[in-house]
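Asks: Spelled out, the chains give:
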Amino acid sequence: MFPLLASNNPIHHILDKPISGTEHLTLLGKPMFTMHMASLLIAAVVTFLILRTAARRIAVGHESEGTDRYLTKGRLPQLVEVISLYLRDTVIKPVLGTDTTKFLPYLLSLFFFILTCNILGMIPFADIQTVVGKATIGSEIQGWAVFGGTATSNLAVTGGLAIVSFFVIQMHAFKSLGIGGWAHHLTGGAPLYLLPIMLPIEFMGMFIKPAALAIRLFANMVAGHTMLAVLTMFGMMAFEGTQNWLLTGSVEVVSTIAAVCISFLELFVAFLQAFIFMFLTTVFIGQMSHHGEHEEHAETATS
Amino acid sequence: MIPFIASESASPVDVQLLTLGTTIVVFVIFLLLAMKFVWPQILKGLDEREAKLRDDLDSAEEARAQAKAALTEYEDELKKARTEAGEMIAQARLDAKAAAEELRSSNTRELAEMKTAATADINAAKKAAIGELHREASTLAVAIASRILDREISADDQQALLSESLAELGQTK
Chain A
1 MFPLLASNNP IHHILDKPIS GTEHLTLLGK PMFTMHMASL LIAAVVTFLI LRTAARRIAV
61 GHESEGTDRY LTKGRLPQLV EVISLYLRDT VIKPVLGTDT TKFLPYLLSL FFFILTCNIL
121 GMIPFADIQT VVGKATIGSE IQGWAVFGGT ATSNLAVTGG LAIVSFFVIQ MHAFKSLGIG
181 GWAHHLTGGA PLYLLPIMLP IEFMGMFIKP AALAIRLFAN MVAGHTMLAV LTMFGMMAFE
241 GTQNWLLTGS VEVVSTIAAV CISFLELFVA FLQAFIFMFL TTVFIGQMSH HGEHEEHAET
301 ATS
Chain B
304 MIPFIASESA SPVDVQLLTL GTTIVVFVIF LLLAMKFVWP QILKGLDERE AKLRDDLDSA
364 EEARAQAKAA LTEYEDELKK ARTEAGEMIA QARLDAKAAA EELRSSNTRE LAEMKTAATA
424 DINAAKKAAI GELHREASTL AVAIASRILD REISADDQQA LLSESLAELG QTK
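Residue numbers (the working numbering), protein chains in the order written: chain A, 1 to 303; chain B, 304 to 476.
None of these hints come from the bench; they were simulated from the model. It is possible that part of the hints are untrue.
[Unchecked claim] Covered stretches of chain A, going by a simulated chain B footprint (3 or more residues, C-beta under 8 angstroms): (1) 20–34; (2) 72–85; (3) 94–108; (4) 122–136; (5) 150–159; (6) 200–206.
[As the list claims (entries may be wrong)] Covered, in the sense of this in silico footprint (three residues per stretch, anywhere, with C-beta under 8 angstroms from a C-beta of chain A), are these stretches of chain B: (7) 322–330; (8) 350–362.
[Stated by the list, open to error] Some chain B residues well away from chain A (every beta-carbon gap over 12 angstroms; in silico): (9) 315; (10) 317; (11) 337; (12) 347; (13) 374; (14) 388; (15) 404.
Glycine included, every Cβ here is placed at the ideal spot set by N, Cα and C.
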């Protein structure tokens, strides 16, 4: 049995589990307290604390500090500053224009929250707890853990974030375009005889867009972590199949190197997927703005 | 054994509504707290930094333009000063040359005058000396004549008298 994984099935490594000790607490046949919920809560607290610290360091200090008051001290706050500046000036502002200030807090919160969830998911907290639990309290429960796992590899979590984005997009659409403008937007600027086709398509598109956000993030996280789990299980599979330590060792070396490489890729994907979720939400908000409406109609007219 | 892991129906695409609701609640609370305690400070800090950088860049650009103008002005002044200094040096050389020329001619003139005066003095002294010699010679001739008139003069006396007179004349001189 490979000791560092809570289960010998790679999919089980990704699935949400009830917090150890709360298995009997259920609601509608589902566990009431799961590890992804705990991870989500921890991610929110960690993100808030990091951002709060960064906010204090980024804020311009007292005049008595001289020109040093304009310096951001600390690497993490500097990282937050650089990311925020980049996203604001090169991603969000070109899309949202004058609406940037209004949506910047939401979009940046979304990005940093997803990023923290993705990165925390790369740390095998659950597996560490399983090993530590067995060593310290002699837990007999397979996969004993209180929190851990990648919250964003749970469709319910990404779906929840997408629902929030959906409401933000639609509320902005109603506010910016009005009911008439919103309804007109559903026609996509097409001629009247195409309305029977356009209306259902645009109406479904309204829901499909955020659903795509949720599925994209979920699928990327599941795929990456499944691959990592499979790679780390190769050694165990080789041993079970051959009972040969030399062969198992060789396989283990290769699979560990591959797992390290894939972990770097996963780190990149963690940033990329957080960015894509935030960026596409920005684009969808932008499409529901006045200028987005004009641009969309202009594009339709030219095509 | 954990029932939810062991369950055959467990699948990554199973959506648990409770987790979905928790996500929405947790994220919205996080968002509200971040909008209250985080983003106003960060965005204000970023704006102030940007304004400070923009001001500093503008000031630097202005200072650079001023320095450039000052340098051009300085170079013009230097060029002008060099031209003036050259002209002054040339003029000074001309003045010095003229002064030297004047001094030389003045000295020549003075030397000539001094030579003329010295020549005149010499001539006057010579003339005076000759006059004095004539007077002494006359006096001596008179004395000789007086002695001749007082006695008869032999040839030897005449010779002695002449020698004596000549000796006196030589002492007188």
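Asks: Does each hint fit the structure? Answer for all of them.
Replies: Cross-check of the supplied hints:
{"no.": "1", "hint": "20–34", "verdict": "holds (count 7)"}
{"no.": "2", "hint": "72–85", "verdict": "holds (count 5)"}
{"no.": "3", "hint": "94–108", "verdict": "holds (count 5)"}
{"no.": "4", "hint": "122–136", "verdict": "violated (count 0)"}
{"no.": "5", "hint": "150–159", "verdict": "holds (count 7)"}
{"no.": "6", "hint": "200–206", "verdict": "violated (count 0)"}
{"no.": "7", "hint": "322–330", "verdict": "holds (count 8)"}
{"no.": "8", "hint": "350–362", "verdict": "holds (count 3)"}
{"no.": "9", "hint": "315", "verdict": "violated (5 angstroms)"}
{"no.": "10", "hint": "317", "verdict": "violated (8 angstroms)"}
{"no.": "11", "hint": "337", "verdict": "violated (5 angstroms)"}
{"no.": "12", "hint": "347", "verdict": "violated (7 angstroms)"}
{"no.": "13", "hint": "374", "verdict": "holds (27 angstroms)"}
{"no.": "14", "hint": "388", "verdict": "holds (45 angstroms)"}
{"no.": "15", "hint": "404", "verdict": "holds (69 angstroms)"}
Violated hints for the displayed structure, listed by number in ascending order: 4, 6, 9, 10, 11, 12.
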